[in-house]
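Enquirer: Please construct the entire structure, taking both the sequences and the accompanying hints into account.
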Amino acid sequence: MKSKSTSIIELSNINFTYNHVPILENITLQVDQTDFLGIIGPNGGGKTTLLKIILGLLKPTSGKITVFGKDPVEGRLSIGYVPQVFRFHYDFPITVLDVVLMGRLREKRLGEHYSSEDRDIAQNALQQVEMHTFKEKHVNNLSGGQLQRVMIARALASEPKLLVLDEPLSSIDSRWQSSFYLLLQQLKKTMAILLVTHDIGALSMYVDQVACLNRRLYYHGPTKEGLQHLSNAYQCPIELIGHGIPHRILGDHA
Amino acid sequence: MMEFFQYEFMRNAFLAALLVSLACGVVGTFVVIRKIVFLTDGIAHAAFGGIGLGYLLGVDPVLSALPFSIVSALGIGTLSKKIKISEDSAIGILFALGMALGIIFIGLAPGYAPDLFSYLFGSILTVPVSDLFLMLVLDICIIIIVIVLFKELQATSFDEEFSEIAGVPTKVINLLFLCLVAFSVIVLIRAVGIILIMALLTLPTLIAKQFTMNLKKLVVFSIIIAAVLTILGLWISYWLDLASGATIVLVLISVFLICAFIKRFMSTFVVNKISV
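Here the protein sequences come in this chain order: Z and D.
Residues 129 to 382 in the working numbering are what the first sequence spells out, letter by letter.
Residues -1 to 274 in the working numbering are what the second sequence spells out, letter by letter.
Hint data in this document are derived by calculation from the structure and do not stem from the laboratory.
Be careful, since some hints might not be right.
[To be verified] Using C-beta positions, here's what the derived DEER-type ranges look like:
no.	chain 1	residue 1	chain 2	residue 2	range
1	D	Asp86	Z	Arg237	49 to 59 Å
2	Z	Asp301	D	Glu159	40 to 50 Å
3	Z	His217	D	Asp58	35 to 45 Å
4	Z	Thr194	D	Asp58	48 to 58 Å
[What the hints assert, rightly or not] Which residues of chain D face chain Z? A few of them, derived with a C-beta cut under 7 Å, are:
no.	residue
5	Ile163
6	Gly165
7	Met211
[Stated by the list, open to error] Once the Cα atoms are required to be at most 25 Å apart in a straight line, the calculated BS3-like pairs of lysine-lysine come out as:
no.	chain 1	residue 1	chain 2	residue 2
8	D	Lys82	Z	Lys187
9	Z	Lys180	D	Lys215
10	D	Lys80	Z	Lys265
11	Z	Lys198	D	Lys169
12	D	Lys79	Z	Lys180
13	Z	Lys263	Z	Lys180
14	Z	Lys263	D	Lys215
15	D	Lys215	Z	Lys236
16	Z	Lys236	D	Lys169
Ideal Cβ positions, reconstructed from N, Cα and C, are used throughout, including at glycine.
Expert: Put into structure tokens, the structure is as follows:
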């Protein structure tokens, strides 16, 4: 455990119920500024709800949460959020650069227009994900993987202290996969990263720590021990996480 | 063509067409990209209650329709979340409520409502000068608000969740935009009528979208297309002695179909050329 001073997200005894159905039970979790944490769990296990609580979009039924020492609604301004790409409709008339400029919104007052400095920052962010040649293109010309890179650039343009990626592995194309890995390795030097996925197989090569979530938090610790832990204790329903292919998940188990 | 302008009512109709085009180009673009066409139609029909109230109170129905449509716009925006019904159900209720209130109010009003029909189907040839002024004021409000809040409107239309996280007051922006929809309904109500409003708030943008995917250009193109086609429709209705609102709508739909067809033809032609 790192010292408490570096912790950026603290959840203690968080409960969330929806229509009297418990979605999250007694979640206590701490994320530090140096963490690269993967939250795994089956679909319906509460990952998205937990993410929305951290992002201040949902209020927990009970329990305490701070983000960067503040209420999530204020603290989330230091979070760069990369949503799942399937949510977007492709015929929306917006250029790649305009999408990335949205990352600068938090620096701007209502009605204040983007400055040339904002444009420079946005273009640098596009360069980081190797999408700068697409800046004048419209989003309807992009593939799912390209759109995801644009969404990452948008998050980076906000110069976040924490990068949050929601199911990033499902829309990744194979050509981008290795650069994506290298990019995350690069980014983790300057910011904390929180990655949410149901795909444990792909997860293990990326993150340093895992938290296993299925309504309750079953494990939170280093990745390698975590995966071993899952296989030994069966506290997470592995067949759900690993799509029924335990050998792939367990790696060096055999 | 000059004969067209020798009558004052024709000059007024021409001005009305231009004022209508500004509102439907600007607001219509966001209605289309936000995919809230049915919501807009709900606000337009709710405005009928305000028209009826105007008859009952003996004031200009367009004036009484303005607060009515603003309240209904804000009502749809907030109520559907509060009472846990889906937005399309809330729209359906409001749609019927507005029409029902309008009919009751008009029934209670003394005498007969001779130009009621013009609020349902529009009558661009009889727009009074006082209404032209109201339309101009509403147009100016719409344009100023959209220019000032363009960045926020674009961002919340594309990704409301991200905008919220980035500190944009998305609820306020959304409700403000619904007020702009209510404004544009009032601008359009005399000229094209409640039932045909949807055509003007969607088709110019849908035509413009065949040519550009840049949001600012889309707004400007929509205004120009709306202006040209409403005036063309007005001119055709004058020469063929047809109902003006309905003629304008048919012109818009025809041009949209022609553009969509040409675009489709062009794209298959280009694809074939490449594959050869």
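Enquirer: Hint by hint, say whether it matches the structure.
Expert: Taking the hints in turn, this is what the structure says about them:
| no. | hint | in the structure |
| --- | --- | --- |
| 1 | D/Asp86 to Z/Arg237: 49 to 59 Å | violated (35 Å) |
| 2 | Z/Asp301 to D/Glu159: 40 to 50 Å | violated (24 Å) |
| 3 | Z/His217 to D/Asp58: 35 to 45 Å | holds (40 Å) |
| 4 | Z/Thr194 to D/Asp58: 48 to 58 Å | holds (56 Å) |
| 5 | Ile163 | holds (5 Å) |
| 6 | Gly165 | holds (5 Å) |
| 7 | Met211 | holds (4 Å) |
| 8 | D/Lys82 to Z/Lys187 | holds (17 Å) |
| 9 | Z/Lys180 to D/Lys215 | violated (35 Å) |
| 10 | D/Lys80 to Z/Lys265 | violated (40 Å) |
| 11 | Z/Lys198 to D/Lys169 | holds (22 Å) |
| 12 | D/Lys79 to Z/Lys180 | holds (18 Å) |
| 13 | Z/Lys263 to Z/Lys180 | violated (29 Å) |
| 14 | Z/Lys263 to D/Lys215 | holds (17 Å) |
| 15 | D/Lys215 to Z/Lys236 | holds (24 Å) |
| 16 | Z/Lys236 to D/Lys169 | holds (18 Å) |
Going through the hint list in order, the structure does not satisfy hints 1, 2, 9, 10, 13.
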